[in-house]
Amino acid sequence: MPDFFVTMGVGLCILMFLTLVRAFRGPTAIDRIIGVNVIGTKTTVLLVIIGIVYGRVDMFVDISLAYALLNFIATLAAARYFQHHKELRETGFFLRKRDRR
Amino acid sequence: MNALAGTFVVLGFLFFIGTTLGLLRFPDFYSRMHASGKGDTIGAIFMLLGLALHNLSPFSWSGVFVSLKIVLILIFLFLANPTATHAIIDAGYETGVKPWTREDTP
Amino acid sequence: MRYVFTFILMYGFWVLLSGKFDTFHLALGFLSSLLVSFISSDLLFADTRVGGRMRELIRFIAFIPWILKEIFLAATHVALIALEPNMATLEPRLVRFRTRLKREISKVVFANAITLTPGTITIRISGDEFIVHALTRKTAGSLPGEMEERIGRIFGEF
Amino acid sequence: MIWCFDFIILLMLVTCAFAAIWSKGLLSAGMILSAYSFLMALLWTEMGAVDVAFTEAAVGAGVSTVFMIAVVYHTRRFIQPRRYGRMFFKLMGLLATLILGGLSLYAASDFPSWADPSEPASLHVAPYYIENTIRDTAVPNVVTSVLADYRGFDTMFETTVILTAGLVAHAVLRRLGRRRDPNRKTNDGRPVEAHTSIVVQRIARIMVPFIQLYALYVVAHGHHSPGGGFQGGVILGASFILVGLAYNIQTVLARFSEPLGVLLANTGVLLYAGIGVACMVLGANFLDYGILSRVLPGTSPVMARSHAMLGVEIGVAIAVSAIMVSIYINTASKGYHDQGL
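Residue numbers (the working numbering), protein chains in the order written: chain A, -15 to 85; chain B, 133 to 238; chain C, 522 to 679; chain D, -17 to 323.
Treat the hints with care, since some could be wrong.
Said to hold, decoys possible - Straight line, CA to CA, 20 Å or less: simulated EDC-like cross-link-like pairs of lysine to aspartate or glutamate:
| id | chain 1 | residue 1 | chain 2 | residue 2 |
| --- | --- | --- | --- | --- |
| 1 | C | K623 | C | E591 |
| 2 | B | K230 | C | E612 |
| 3 | C | K541 | A | D(-13) |
| 4 | C | K659 | C | E605 |
Hints were generated in silico from the structure; no laboratory data involved.
Remember, it's a predicted structure, so these values are computed and weren't measured experimentally.
Starting from the given sequences, assemble the full structure and let the hints guide the process.
Structural data, given as structure tokens:
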């Protein structure tokens, strides 16, 4: 059974890497925020998996719970930044190339 | 019990794969939010349920408490994830991102 | 009244987290729950009439299996779209509609339920109007639908 | 099989670091650093450093990203290309990096190799701590007993450093006696305060009490599980930051006013030092908790050390949470304490 969980964990790591690709490529900063949010959820799960692999879930589950409670604070801050930003409309940063005038 | 836990974990993993593919392939950020908002929540729920079940299998009272904590993680993710999705998509709408529509493709 | 309810809720949460039943830790939990219910009980319960909430809570718990089933269908749906070779069924659109729900909590539950179920995400709530992003034509047609009815019944509106 | 974890996470970390440097937008760099912190926490857990991982989790997810975004909120988001001397500055940067990197590599060759059983630290100090913690202090978590008891002096000054950071942020950023027009508009004619959806507000209100209780749980159970004063304090501060993000800064100030914050930050450090002074008054060394059994009713010297550690942790938690909230309010509102992120 531990081998099964290690495989799952490594698989989740690979998925995280693919998600990071989205976070790096953008194209907009909002896409990066989505990427980071998804990575946060995957981290929460991965911490529990590592705990099971090491046989000390009671230690690791606390960290995971902290992530579950706090992960959306950063997302919320980023969203609030975008709720209100002066430069975006002026530069047309968010529009696709052919929509820019 | 172990087989059930394994099934749940694999199911969650499949949903995570769906999320990641959607995140990479969808054309605009609104539809990417669909992938991350739903696929991620359900993937995490299934995986954590599987892990909680697995943790019960040599039965002990401390194990029950750890499983309950995993269920708590699940509940908080269930509350927080759609809210985060909503906050991001609201912010994107506010900044004036135009949704991609079928007519746009040449 | 809401102090008492927050305290009970917080103490339950503490026992769940702690899992230790010696006097020292239970006393610490008592003090912590007292502190939290003193600082932020007005956050958890907006109005002071807490008693009538229990029935809503029970109905809400009964609602959870149904919503889980819907989320499962939704996630499968999105995953299948992501797996299609050229994503032919993908026809994103914005939908606006008015809701009949009045109370804030039921609007919030409705918005999160929309976000979690087939191909739709709540973008904005302004007053009664919901703006929703739908992923395909079929899902766009199904709003507000059965879910509004069910949530209205939970929170005693219809 | 475990090396797969190591390999992929390290690869992702390096990619993250490069991406953060390359990215032109400050906000994008901030978000990528947030992902970096997630990966770092995973790496710490995977190496078994659970307490460090917890700190990384609390700080990275709760406060540091919010601080970065709050700072970017008040600066220009994109890097302005420099007009002159670009090549020169780049070459100087390269030179400085090469020299520093070479020196660090040179210094690193003196370190014992990772997890070497014959290095001095694992021959003398670490075995003593591991063998004697339960006998000396009755605390199962060695990290807590090392931080709060054996090395209590270091931790006290670390708390003082945090207090100094908070005071400096306050001194540099706070603008006393000046007010901004509350009805002012941004360039495109919208009100300055961002609107927040009722969904976010309601869910934040449900989450905040649970986050606070969780923070207190982390402080109280530092003896048995990962966590302790610092992590709990950061999480407690993050709960107030969440209130600020869901509503506005006024709401936070109504609960956590500025004088209260300053008072609490100093009280925390004073509590820590006060326990040390109490030991001196009773005739032992500074921070030698065992003597406190004379004051605490019904405790042996061992249990007195355990309880005094809890007191110290509570002091750290009070100070850290007050400072985190104060830094957030100051950076988010540019020191005006009216509106902001």
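Do the alpha carbons of K230(B) and E612(C) lie within 20 Å of each other, as the hint requires? Distance ~14 Å between K230(B) and E612(C) Cα, so the pair holds.
Given hint E605(C) paired with K659(C) - CA-CA distance at most 20 Å: Satisfied, since the Cα-Cα distance of roughly 17 Å is no more than 20 Å.
Quickly compare the C-alpha distance for K623(C) and E591(C) to 20 Å and report which way the hint goes. violated (24 Å)
Next pair to validate is K541(C) with D(-13)(A); report whether the Cα-Cα distance is within 20 Å. violated (32 Å)
Of the numbered hints given earlier, the model fails hints 1 and 3; all others are met.
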